Amino acid sequence: MSSGGEGATPAQELAAIVRSQSEAFLRVAASVARAHDNLEAVKAQYRRSVVGGMDDPFMRADVAAAEEERKVQERIRAGVAAAASAVAPAVQATAAPAPATGGLFGAPAPAPSAGGLFGAPAPASGG
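Here the sequence shown is numbered in the working numbering, starting from 1 and rising by one per residue.
Don't read these hints as lab results, they were simulated from the structure. For clarity, every value in this text was computed on a predicted model and none was experimentally measured. Glycine is no exception: its CB is placed at the ideal position from the N, C-alpha and C atoms. Certain hints may be false.
[To be verified] Quick list of simulated restraints, FRET-style, between CB atoms:
| # | residue 1 | residue 2 | range |
| --- | --- | --- | --- |
| 1 | A33 | F58 | 35 to 41 Å |
| 2 | A86 | A30 | 50 to 56 Å |
| 3 | R34 | E74 | 36 to 42 Å |
| 4 | I76 | S49 | 39 to 45 Å |
| 5 | S85 | D55 | 40 to 46 Å |
| 6 | A29 | S85 | 44 to 50 Å |
| 7 | R19 | I76 | 40 to 46 Å |
[Claimed, not checked] Computed list of lysine to any residue pairs in SDA-like fashion (alpha-carbon distance at most 25 Å, straight line):
| # | residue 1 | residue 2 |
| --- | --- | --- |
| 8 | K43 | R60 |
| 9 | K71 | D56 |
| 10 | K71 | F58 |
Taking the hints into account, I'd like the entire structure generated from these sequences.
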């Protein structure tokens, strides 16, 4: 691993390798961006050259992809709605009716007291 030069430490060599890979990825990304731009230019040129009556295959593919996405979303919504409606009756059937009055977990409610918090005597208000 002597790509960093003579006497380079392993950390310096690793840094040089990472820098080299980063530069390579940037070159590839730039090449892909140029290819994408060229493709867009060719597509635009094709669209301009199409005479009325001819169908645009790119637009057709975009419409088909959008329709497929809409169908997938609708299937997901239908599945979620079906699952929710199947769970709701089961939850309603197993739920116990809440007591009309009472304390926590159905225990009888404590009688109201004139005292303070936790049964401590209420402070006198000298108003």
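Report task. List, from low to high, the hint numbers that the structure doesn't satisfy. Result -> 1
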